[in-house]
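**Q** Please put together the full structure from these sequences, using the hints given.
Line order of the protein sequences matches chains A and B.
Just so you know, the numbering used here puts 12 at position 12 of the first sequence, and the rest follows in order with no gaps.
Just so you know, the numbering used here puts 311 at position 311 of the second sequence, and the rest follows in order with no gaps.
Hints in this document: simulated from the structure, not taken from any laboratory.
A quick note: this is a predicted structure, and the numbers were derived from the prediction, not measured.
Label-pair restraints from in silico Cβ distances:
no.: 1; chain 1: A; residue 1: 46; chain 2: B; residue 2: 288; range: 51 to 59 Å
no.: 2; chain 1: B; residue 1: 59; chain 2: A; residue 2: 88; range: 22 to 30 Å
no.: 3; chain 1: A; residue 1: 34; chain 2: B; residue 2: 229; range: 55 to 63 Å
no.: 4; chain 1: A; residue 1: 120; chain 2: B; residue 2: 36; range: 18 to 26 Å
no.: 5; chain 1: A; residue 1: 88; chain 2: B; residue 2: 62; range: 19 to 27 Å
Heads up, the beta-carbon is just placed ideally off N, CA and C, and yes, glycines get one too.
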Amino acid sequence: MIRLLPREVESLWTLFTAPIVWALHFLICYVGAAIYCAKPGLLGLDFAAVRLGIGIVTALALALILLSTLLAWRQWGFGTYDPPHDDATAHSRRRFQGFATLLLSGLSFVAVIFVALPAVFLTECLR
Amino acid sequence: MLAPFALCGCSGVQSALDPAGDESAIVANLFWVMVIGGAFIWIGVIGTLLFAISRRERPVSDAGAGRLILWGGAVFPSVTLLFLLAFALWLMPGLRPFATPADASMTVEVTGKQFWWQVAYRLPDGSRVAAANEVRLPVGKRVEFALESDDVIHSFWIPALGGKMDMIPGRRNRLSLLATKAGTFRAPCAEYCGTSHALMAFSAVAMEPSDFDAWLAAQAEPAAGVSGEGREAFLRNGCGACHRVDGTEANATIGPDLSHVGSRKTIGAGILPNTEAAIASFIANPGAIKPDAKMPAFGALPAAEIDAMAAWLKGLE
Ligand SMILES: [Cu+2]
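**A** Spelled out as structure tokens, the structure:
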């Protein structure tokens with residue numbers, strides 16, 4: 001699958017993909033739970049539905065971040081070159097960017113899990 | 001040498017580490033897990049530092065350093081934090097359990113005021129028992145608190161029984177507590193609320209259920225000493241414009257309910273011992289004891305009159 005994605009998509013934008021997914025996931029989880037807890041009757045759902053929703057959004061976010069990780073891994077050269085990638089060449093710049101994207105993806109992956117973790121344990125709103 | 005000082009926070013009437021309730025036991029548990037876990041991590045970090053210093057002459061390879069950063073700097077903290085977070089979240093439902101209507105036998109409404117606490121016990125039969133500056137609750141029964149404020153933000157906190165909950169003007173916050181041990185605890189206001197914030201506390205008394213029922217029944221009636229001497233002076237001097245004393249025409253709620261003030265653990269919301277002398281000094285000049293207190297000084301009255309009122313109030317048990 002990694003071959004199907006053209007190398008042209010690798011740009012400065014891919015660097016931000018994972019953090020943006022993390023940010024959106026954070027917003028959806030927190031805003032969603034806050035609205036549900038402030039207006040429990042709004043959609044006729046119970047809290048289990050909120051937790052399930054958070055679960056689905058989390059799976060989706062993790063999948064996107066994983067994709068971004070794969071791209072970054074390729075851009076980095078699958079680990080064949082060691083950091084710090086600080087030569088003044090286009091090649092080194094690409095590796096550097098790939099490595100930075102890879103690290104950000106890892107961070108975002110962990111962060112998304114941490115953000116979603118409360119939904120595993122909490123079973124009701126504080127009212 | 002410092003140990004005794006460090007440990008004196010671990011017991012006593014205002015310690016979250018000497019739990020007498022379900023919620024505070026969870027908090028204490030969480031605290032110890034975090035402290036001990038943190039101590040191990042600290043030892044690990046310092047150990048690594050000492051190790052690194054001792055090997056200054058023989059640096060590790062680049063690859064070795066990379067592995068150390070990956071495992072020690074990324075994987076280990078992420079996994080440890082994941083477990084600590086999961087542990088804390090797992091405790092959370094127990095920290096904020098809400099009494100269902102079936103097991104909440106009683107709701108205690110507490111309203112924060114500068115610088116005292118208005119208390120009302122709402123019973124299942126709809127009756128209401130007013131009190132102030134002291135909260136009593138039966139051991140082994142979950143009690144629901146409805147927390148409000150009349151002026152600024154205060155915070156309700158009985159460290160020995162559970163976590164704190166803010167009292168916010170215009171909101172009604174809920175908290176439920178389950179006392180597991182009888183005792184008298186101190187509960188400070190936990191949100192800065194003005195000049196006398198540090199002088200705003202109350203006593204929380206956990207009692208055996210039968211004692212509690214008897215106590216509450218007595219609170220619902222006028223105190224035995226209500227027709228005694230001093231009552232005249234109390235009413236004549238306008239104290240009834242702010243205070244209520246059950247069994248007299250004094251029926252205001254601007255100041256604390258004084259119907260049973262004589263049986264409270266303290267005077268002035270947790271700051272003076274409950275003695276005639278303390279009551280008299282409070283009446284004479286509340287502002288000298290509690291700066292900015294919202295009660296005028298009555299020091300201009302003859303001392304005999306103040307003493308008579310103090311004696312009468314002390315007799316309202
Ligand atoms: Cu206060």
